[in-house]
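First to last, the protein sequences are chains H and G. Okay, so the first sequence: first residue is 1 according to the working numbering, each after it adds one. Okay, so the second sequence: first residue is 1 according to the working numbering, each after it adds one.
If you're looking for bench data, these hints aren't it; they were derived computationally from the structure. Every value quoted in this text rests on a predicted model; they were computed, and no experiment measured them. Among the clues, some could well be false.
Within a straight-line C-alpha distance of at most 27 angstroms, the following computed DSS-like cross-link-like pairs (lysine-lysine) qualify [to be verified]:
1. G/Lys606 x H/Lys116
2. H/Lys90 x G/Lys606
3. G/Lys481 x H/Lys75
4. G/Lys606 x H/Lys67
5. H/Lys67 x G/Lys188
6. G/Lys584 x H/Lys116
7. G/Lys485 x G/Lys84
8. H/Lys67 x G/Lys584
9. G/Lys480 x H/Lys75
These are the residues of each chain, in order.
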Amino acid sequence: MKARIIIAALAALLLTGCENNKGPVALDITGQWELIGLETKSIQIGDQTIEVYMDLKADNTFELWQKLGEGRHRKYSGTWALTETTLTGKYSDGKEWGSAYEVSLNEGNLIMTETKTGTETYTYKTCVIPSGL
Amino acid sequence: MIKKLSFLGLMVAGLALASCQETLNEESLNAIDARSKIVHTRSGASATSLLVKFSSEPSETQIQMLAEAGVKSFEKVFPSVPGKEELEKRFGLDRWYSVTIEEGRDIEAVALELASDKRISTVEYDIYMEPACDRVSYPYEGQEAATRASMSELGFNDPLLIDQWNYYNLGDKSVATSAYEGGDINVKDTWNTLTAGDPSIIVAVVDEGVAYSHPDLAPNMWVNEAERSGAAGKDDDGNGYVDDIYGYNFVDGTAEINFDGTDYDTGHGTHCAGVISAVNNNGIGVSGVAGGSGKNDGTKIMTCQIFSGNGGGLQTMISKAIKYAADNGASIISCSFGQPGSGFQGDASYTKKNAAEVDAIRYFEATKNNDIVDGGIVIFATGNEAAPYASYPGALNDIVSVSAFGPDYLPTHYTNYGPGCNVVAPGGEAYLPPWTSYKGMILSTLPLKIEPSGYGYMQGTSMACPHVSGIAALGLAYAKKLGKKYTLQEFKNMLISSANDFDSRLNGSKSYYNKIKPDLNLGKFMKKMGTGSIDTWIFMMKIEGVPCLIAETGRNQWIDVSDYFGTSSVNLTYLSVEVSDEDKAALGLAEDPYMQYGRLYIHPTKMGAGKIKVRAVGGGEIVGGADNVGGMEMTQEISIISRSFKSSNGGWL
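From just these sequences and the hints, can you work out the full model?
Right under this line is the structure:
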């Protein structure tokens with residue numbers, strides 16, 4: 001019985017290896033995310049806090065709630081696309097995102113580095129987006 | 001003549017005797033020095049009353065001597081209220097006295113004699129002010145409209161709300177062929193989603209008496225419970241006034257408020273009160289800006305009667321009314337009156353000539369009657385003389401002064417404009433084609449004896465003023481809900497900068513039905529209508545808090561600041577842009593940011609965040625001051641985040 005399990009596990013590894021040989025594994029970044037960091041900077045600005053929640057849905061639509069400092073959460077929506085590790089998107093008003101992002105997953109966090117200058121990295125953690133935003 | 005001299009002689013003797021008893025070396029001033037203490041002239045003033053201010057509080061003996069010297073009455077202008085003594089002293093209200101003389105006496109001689117006494121610093125003729133309205137009302141006539149909002153759209157079930165274009169202007173051509181969709185105060189969404197008022201907020205209507213029993217106002221009237229449940233004829237609450245249940249009649253010196261048309265009342269106060277807080281969603285009549293949602297949550301109206309038909313309007317009455325409002329819980333005073341064609345050169349000359357009233361205004365501004373703002377908010381009409389400046393006292397630098405637009409979202413033929421005007425609101429306008437109804441004016445409540453239906457139309461900056469008072473009340477209500485707190489200056493800054501662009505429509509001229517009035521040249525109003533047209537929703541969003549603006553790192557760029565200064569920010573005059581060294585470093589600013597064409601120019605060189613303080617003039621090109629008439633200084637602190645990119649719609653991604 002033990003031997004059978006080991007064989008199955010090895011087979012699985014081999015299969016995975018075969019897939020790896022065919023190309024990179026597609027990242028699964030669907031789900032609900034909360035911004036928790038700007039590179040190494042705090043998301044606290046003076047006495048104001050930046051709150052960003054995004055829901056990247058499986059049908060390649062997204063919803064975004066942001067509160068930059070004061071005021072209410074403002075909601076945006078639109079579509080997103082992931083080509084290998086490059087994430088792009090468009091708002092529902094037809095405007096492109098301000099930048100594309102190179103994305104990766106690290107210990108469950110979504111790491112997004114903007115491609116315009118490559119100097120700013122944003123970290124999102126998985127979350128349940130609060131209701132009533 | 002002999003009688004007059006003997007009266008004066010007695011009075012002077014009284015003063016001299018008092019001098020001898022109080023300060024032995026006191027001497028009377030010469031006539032020139034004495035005259036310099038007299039402000040105004042007998043023209044346009046009461047023939048029987050004067051206001052005098054002592055340099056220090058007079059003794060009982062001095063007062064008694066004057067009272068016995070032939071003056072008909074000599075009494076304190078302002079009753080002292082327990083617990084308010086320190087504030088009263090700070091603004092000198094304890095030293096103001098009202099002198100009444102017999103009819104037929106030479107008031108100029110009396111004024112000179114009083115001014116000759118060194119203990120008296122000011123002798124003020126008790127001048128009249130006028131309502132900022134033509135004092136004519138027109139009946140409501142239910143008429144079919146070409147374009148009307150549905151009741152469900154408007155949110156409230158008040159049947160006449162559909163004729164209140166001032167709240168929701170759909171460009172109905174039966175109101176005016178030039179009616180402009182969106183030319184309103186944009187209050188609908190605030191009502192439906194944020195707030196419609198709060199009963200803890202009291203607005204004092206300083207005006208003709210308010211018809212407190214009007215069915216569309218009664219539930220929103222402020223009630224002095226101590227007096228209502230107290231003994232008749234007794235000052236139960238010790239505020240200096242007897243039986244004052246809904247306010248006070250300062251014209252007749254009684255708690256009986258007049259509003260029923262028996263003394264040529266026009267319904268002016270009742271009309272203004274309806275704009276502020278007619279009861280909403282009660283299935284009858286009109287809506288008020290801050291009249292609640294039909295759940296006993298409307299802003300309360302206090303009636304401070306200073307006009308009674310053709311009477312009233314004296315400085316004494318106004319000053320007393322303003323202090324009364326402060327002492328009895330009002331957070332806002334709505335004042336649709338002023339000195340027409342006042343022609344003052346600046347605040348100093350007005351303050352010198354109307355010191356009792358200005359002292360009372362300062363006292364009101366220093367009185368905190370809610371947990372939101374640390375002082376009272378004073379709102380005035382700019383006046384109806386089509387003058388290129390605001391009338392005083394509205395033109396005073398620290399007062400919000402309101403000009404008027406019509407259903408065409410254009411200046412009205414009567415509105416004052418220019419220096420001293422802070423913001424513009426609906427005041428209504430007659431004679432706009434097709435002129436088949438009165439609907440171009442403002443529909444509100446009227447006393448039943450004046451209009452049996454209880455509703456009718458009026459026009460004037462008098463009607464524009466209570467719109468802003470109502471919006472200010474909504475702001476207090478919403479801030480209370482959110483737990484926000486402000487200084488008085490911060491709150492006024494937010495209020496007058498919550499405005500929409502108005503200047504872009506000021507091209508060419510506008511015409512009136514059958515040329516009843518000459519065409520109105522619109523160009524003359526350019527940059528002279530304050531910060532623009534007041535917008536309730538923008539104000540509420542400011543109370544929620546204005547989000548940080550995004551700047552792009554590494555680029556010299558301009559940033560739209562309309563979230564802070566309104567959509568007419570391009571038309572404002574900016575005084576300075578300040579940024580601390582710390583914030584400069586945080587944003588990596590290589591050069592100082594500046595304002596041009598209503599935009600903030602900034603060049604951040606690194607990712608970061610900081611705050612930039614921008615000072616602007618709220619109405620006009622210069623800030624009003626002692627020696628000039630001008631706008632109110634507005635300071636906004638703009639929060640900036642610098643990133644390497646930004647999306648064109650403000651989205652974070």
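Kindly indicate which numbered hints from before are broken by the structure, ordering the numbers from low to high.
none
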